[in-house]
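Q: Everything in the sequence shown is counted per the UniProt record's numbering, starting at 1 for the first residue and increasing by one.
Quick caveat, the hints were computed from the structure, so don't treat them as lab data.
As the structure is a computational prediction, the values presented were derived from the model and not from experiment.
Just so you know, nobody snuck in bad clues.
Heads up, simulated DSS-like pairs for lysine-lysine below, C-alpha to C-alpha not over 30 Å straight-line:
1) Lys223 <-> Lys252
2) Lys252 <-> Lys237
3) Lys252 <-> Lys330
4) Lys252 <-> Lys364
5) Lys66 <-> Lys257
6) Lys184 <-> Lys258
7) Lys258 <-> Lys60
8) Lys364 <-> Lys276
9) Lys223 <-> Lys258
10) Lys257 <-> Lys276
11) Lys128 <-> Lys77
12) Lys237 <-> Lys223
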Amino acid sequence: MAAGASVLETVKELAKDNDSSKEKNQVQPGLSGPLKKRIQQLVDSNPVMLFMKGTPEEPKCGFSRKVVVVLNEERVKFGSFDVLSDSEVREGLKKFSNWPTFPQLYCKGELLGGCDIAIAMHESGELKEVFKDHGIDTTNEAKEKESGNGKGGISKSTDLSTTLSSRLESLVNSSAVMLFMKGKPDEPKCGFSRKVVEILQQENVPFESFDILTDEEVRQGLKVYSNWSSYPQLYIKGELIGGSDIVLEMQKSGELKKNLHEKGILPAETIQDRLKNLIASSPVMLFMKGTPDAPRCGFSSRVADALRQEGLNFGSFDILTDEEVRQGLKVYSNWPTYPQLYYKSELIGGHDIVMELRNNGELKSTLSE
Numbered sequence: 001m002a003a004g005a006s007v008l009e010t011v012k013e014l015a016k017d018n019d020s021s022k023e024k025n026q027v028q029p030g031l032s033g034p035l036k037k038r039i040q041q042l043v044d045s046n047p048v049m050l051f052m053k054g055t056p057e058e059p060k061c062g063f064s065r066k067v068v069v070v071l072n073e074e075r076v077k078f079g080s081f082d083v084l085s086d087s088e089v090r091e092g093l094k095k096f097s098n099w100p101t102f103p104q105l106y107c108k109g110e111l112l113g114g115c116d117i118a119i120a121m122h123e124s125g126e127l128k129e130v131f132k133d134h135g136i137d138t139t140n141e142a143k144e145k146e147s148g149n150g151k152g153g154i155s156k157s158t159d160l161s162t163t164l165s166s167r168l169e170s171l172v173n174s175s176a177v178m179l180f181m182k183g184k185p186d187e188p189k190c191g192f193s194r195k196v197v198e199i200l201q202q203e204n205v206p207f208e209s210f211d212i213l214t215d216e217e218v219r220q221g222l223k224v225y226s227n228w229s230s231y232p233q234l235y236i237k238g239e240l241i242g243g244s245d246i247v248l249e250m251q252k253s254g255e256l257k258k259n260l261h262e263k264g265i266l267p268a269e270t271i272q273d274r275l276k277n278l279i280a281s282s283p284v285m286l287f288m289k290g291t292p293d294a295p296r297c298g299f300s301s302r303v304a305d306a307l308r309q310e311g312l313n314f315g316s317f318d319i320l321t322d323e324e325v326r327q328g329l330k331v332y333s334n335w336p337t338y339p340q341l342y343y344k345s346e347l348i349g350g351h352d353i354v355m356e357l358r359n360n361g362e363l364k365s366t367l368s369e
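Based on the sequences and whatever the hints tell you, model everything.
A: Below, the structure is given as structure tokens:
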């Protein structure tokens, strides 16, 4: 393969390491025959298929939205399936692909990866090469046809007058962080707008706002301009981020703060700051290999199971997804292995300590003081 082949090769190696080849997917335990057949039909239903949260027109998470944008920029037709609409498919696909998160992007039945991989392949030019190698049409005509049918995601409409379009563009870009909301930050007129204001204030983000209730032309025009039908709408450096659900999810995942740092709106975050924020993101916080639903090592699996058996709510971070965090936390905590369990930002310990606390009947009380 030509440009950027290293990205896809890395994905394939990861898939191999995690037993996620197509042959092993077919014998994945816990996946019934009918469900496996249904998922295979969905995967094969379009040459390019995106399993996402929400729809291309209304993504329900920032990561799904980013992949929609990538596919639009690649000018490729794609099918999509909203995993929030069917929990059986949502959970089954994790086993089918041995990939624990969404979105998941497939090309001709082959898993390419999630958000980070799709972006990396797009930026390196490899995604275009993959589509080309598989005979996927990426012409302007294909993009325009898809957009005209109201599919394929976010694209600006030409149905606005030049004057209104120019005005909206000026408003969107009038501040690095711009919130179109119902009401004002100190007097929001709906709960969703209030929620986004609170998030921006919690993150100490300077922002400007526009009350869409005061201007019907802007209110209706912006829906067309952004191809986003509801309010609030948050923009960063002229780019639509989304509404309250997406902003909330991005805050919880750390993606919002990361975006703000990358765009120079918030000062650069040191690794120490990032680790502190991650550790404090949940009273009980587990740094592990994999996720609680799809652990990647036995020690991580046993600790997650122990916490669940005690009925404890906990947050988690997959250290396999971020090498900087993986190595930095070892130094920060002076603890060289994983998993690592924290309570109220204090290190409790690793696998052996957690198991000892559980066996002594002290785990729940230790994490509930």
